[in-house]
Amino acid sequence: MKNTLAISAVIFTVGFVTIPVVWSDDDDHWEGMEEYKHQSTGVAAVTNTVYREECGSCHMAYSPGLLPANSWMKMMSGLENHFGDNAELDAGTEKSITDLLLANSADRSDYRRARKFSRSIQLNDTPLRISETPYFRHEHDEIPNRMVTGNPEVKSFSHCNACHTRAEQGSFNEHDIRIPGYGRWDD
Amino acid sequence: MKAPYLIFVVLVSTHINSVLADNTTINSLLQSYAAKGATEVNAEQGQYLWQKTYPANGEFSQRSCASCHTEKLTAPGKHVKTNKPIEPMAPSVNSQRLTDQKKIEKWFKRNCKWTMGRECTAQEKADFLVYLYK
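These protein sequence lines are chains A and B, in that order.
If you read the first sequence in this note's numbering, its first letter stands for residue 1, the second for the next number, and so on.
If you read the second sequence in this note's numbering, its first letter stands for residue 188, the second for the next number, and so on.
Read the hints as simulated data drawn from the structure, not as lab findings.
Ideal Cβ placement from N, Cα and C applies to all residues, glycine included.
Be a bit skeptical, because a hint or two may be false.
Partial pick of chain B residues on the chain A-facing surface, computed with a CB cut under 8 Å [what the hints assert, rightly or not]: (1) 245; (2) 254; (3) 258; (4) 259; (5) 265; (6) 269; (7) 270; (8) 297; (9) 300; (10) 301; (11) 305.
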């Protein structure tokens, strides 16, 4: 009886300790000590109409909080070859969009998830693709290629809203994930 | 030299007015293309240019307007790279189309450069415009 109790206690304790580890998101190594105004799992949603029109016509209007200021500066200085497409803007529009991107960039955002993007990037690195940032890669490292690059309805990790149904609202919560042809994704 | 130029503008204007008098945005753009060297407007030529494929380096080696917009102007298109839906081009089913000069010029610039590897000439723009409008 005593043995049974002891074994039960061990099982209970081990279970208690290990289960949270197994199920945790394991992205805490980019967590800072700061307090954020927005503790949620989101980034700021894009509401600016000029930005939505100019940047959201061809692709999802990515939240400025997904890349740091240096990356946005580099991106905006090369719009004539924007990932193989021409995205030139007139000087006035380019300036207003650059200002918006810099003011809300990952390293200046007060959204917790935006700061994780920022913190994952080396100081001397200037990634242009959100999908190449260490935080992004870490968050997607368990997803098989057949669900994304091999999935004709998704095609690329650049198409956030193909699976993150509320990406345009700035939410990347796991409960909102629906992978076309596969359904929900539980980490 | 000035006299023949004026006559030419008047001739084109007459033609435009008879076809497109109800649309000031398009009239005004066509006038500006005429001033930059467009000699006549031809919707069939616009259609030919719209469907023609142009060779390109890198991703998507055969490009055309229809790559994203499809060959049917009343149908919705899809960005060939990002999959983002594109509203139909025909004003008959999308009343927002061809109503904003600045926007038209912006997309001519971007999309001619991607598709043809250069900016469109005034003549090509005039032909595209009447093809899309009709």
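| Interface hint for residue 297 (chain B), Cβ within 8 Å of any Cβ on chain A | holds, 4 Å
| query | Does the CB of residue 259 (chain B) sit less than 8 Å away from some CB of chain A? | reply | This hint is violated: residue 259 (chain B) lies away from chain A, its Cβ roughly 20 Å from the closest one there, beyond 8 Å.
| Satisfaction of the residue 300 (chain B) interface hint, Cβ to chain A closer than 8 Å | holds, 4 Å
| query | Hey, does the residue 270 (chain B) contact hint survive, CB to chain A under 8 Å? | reply | Holds. Min distance 6 Å.
| task | With a cut-off of 8 Å on the beta carbons, see whether residue 245 (chain B) makes it to chain A. | result | It holds, given that the least Cβ distance between residue 245 (chain B) and chain A is near 6 Å, below 8 Å.
| message | Holds or violated: the hint that residue 254 (chain B) contacts chain A, with Cβ atoms closer than 8 Å. | response | Violated. Min distance 12 Å.
| field | Agreement of hint residue 305 (chain B) with chain A interface, Cβ distance less than 8 Å | value | violated, 11 Å
| query | Holds or violated: is there a CB of chain A closer than 8 Å to the CB of residue 258 (chain B)? | reply | Nearest chain A Cβ about 20 Å off; hint violated.
| query | Holds or violated: residue 301 (chain B) as interface residue toward chain A, Cβ cutoff 8 Å? | reply | The hint holds - residue 301 (chain B) has a Cβ within 8 Å of chain A, the shortest such distance being about 5 Å.
| Status of the residue 265 (chain B) interface restraint (C-beta, 8 Å, chain A) | Cβ of residue 265 (chain B) sits 11 Å from chain A, so the hint is violated.
| When the least beta-carbon distance from residue 269 (chain B) to chain A is tested against 8 Å, hint result | holds, 4 Å
Comparing the model with each numbered hint stated earlier shows that hints 2, 3, 4, 5 and 11 do not hold.
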